[in-house]
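Asks: Note that the protein sequences, when read in sequence, are chains S and V.
If you count the first sequence from 1, position 43 lands on 42 in numbering that gives the first Met the number 0, and the numbers rise without skipping.
If you count the second sequence from 1, position 115 lands on 114 in numbering that gives the first Met the number 0, and the numbers rise without skipping.
Derived from the structure by calculation, the hints contain no laboratory data.
Please note: incorrect hints may appear among the correct ones.
[Said to hold, decoys possible] Now the in silico label distances, taken between C-beta atoms and shown as ranges:
1. S/Ser145 to V/Gly170: 14 to 24 Å
2. V/Ala33 to S/Ser145: 40 to 50 Å
3. V/Gly23 to S/Asp99: 34 to 44 Å
4. V/Ser108 to S/Asn1: 36 to 46 Å
Where is the CB? At the ideal position from N, CA and C, for every residue including glycine.
2 protein chains.
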Amino acid sequence: MNIAIIGTGNIGSALARLLAGIKGNNVVVAGKSATDGAELAARLHADSGVNLESGSISRAVEQSDVVILAVPYGAIAGIARSVNFDGKILVDLSNPVKEDFSGITVGFSTSAAEEIQALLPGARVVKAFNTVFAQVYEQGLDFDGSAVPAFVASDSDAARSTVMELAARAGFDPVDAGPLSNARYLEPLGYLNIQFGYMLGHGTQIAPAWIRRKAA
Amino acid sequence: MNIAIIGTGNIGSALARLLAGIKGNNVVVAGKSATDGAELAARLHADSGVNLESGSISRAVEQSDVVILAVPYGAIAGIARSVNFDGKILVDLSNPVKEDFSGITVGFSTSAAEEIQALLPGARVVKAFNTVFAQVYEQGLDFDGSAVPAFVASDSDAARSTVMELAARAGFDPVDAGPLSNARYLEPLGYLNIQFGYMLGHGTQIAPAWIRRKAA
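Use the sequences and the hints to build the structure in full.
Replies: See below:
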């Protein structure tokens, strides 16, 4: 699978390390400046022995089937104006959190994911991974025998399946979360996770999940 | 603890059975008509051997410290106009779901719980239990060793603590979910639970929870 990761921050780095370590994945990283991607690739190779390419955002998107947008929600409109995402599977993992972390900036009748889909009608937008702290990646996706869930929503069944497969191969428990409009509920879930992790004292080694009763 | 349950539907009945079975709780039920509460009390006594009182909504509220509103969100404004809730701890477990179940009717910059608090400034509103299916109560709150979480949000620390204690004694894992404005995220969580249970094929023996990594 050819995967581009746009964004070299905590989450972009964590996903790059995770996905580049999986056989069969070709990962290219791109950051805000021309050197960000190259620096991240060099650092991850030195730290973890994984092989990544780097390039400009346009080049990274061009050579990939799945593009993971690991930049703040506010930065996406600018990238959308200058890069062609037509035909790409575009994974949005943003939580549109206010600058003071007191709430979210979009919701209820729309979502960050739907706004991105409206900006990029030629892409197949997939909401995923927005409920996973960067610190969780650092210690791995196995919580004492339970895989961390990846909730995956999209209006494209094929794109949703592709991202669920990518997630499963990376060690997540992939959960079909239905149409992209369910990002209206997944993004509040991501924010509630931030509330528990940072404001309510649970720390960042947590993740939302659904528990189920086993058949009697 | 003196507890009033307003509403005799699936959730009201399930909570009445659960809470009346716990030593030290006095539970009074009230329904839309004068006879609904009496019928529920008689049925639960016959089925489960629990003892409940019944009465009008006004009487039930008057004699209780904690009032659980187990009626549809749309019915609450009418009750608020005719009953005095001043000084009561008022538990709202509604999910303000559209009639066609395609989404929620309030959210983002407010929530059902906050709207109820605005209607009843003399009450201490607590959001709780809105992520628990009626069918879960029927089979008990233990999911193979994990207690079903009860997320509890309120602007009153004392009211939140009281409801968390009530929840713990009933067998829930009570989770402090912070201020009442977090109902903006708990209500989408309740709706996402409905999506997984009914639209996405997981069935109703599920509940949202947070998993955590045990300390190494």
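Asks: State for each hint whether it applies.
Replies: Consistency of the hints with the structure:
{"no.": "1", "hint": "S/Ser145 to V/Gly170: 14 to 24 Å", "result": "holds (22 Å)"}
{"no.": "2", "hint": "V/Ala33 to S/Ser145: 40 to 50 Å", "result": "holds (49 Å)"}
{"no.": "3", "hint": "V/Gly23 to S/Asp99: 34 to 44 Å", "result": "holds (43 Å)"}
{"no.": "4", "hint": "V/Ser108 to S/Asn1: 36 to 46 Å", "result": "holds (41 Å)"}
Checked against the numbered hints above, the structure breaks none of them.
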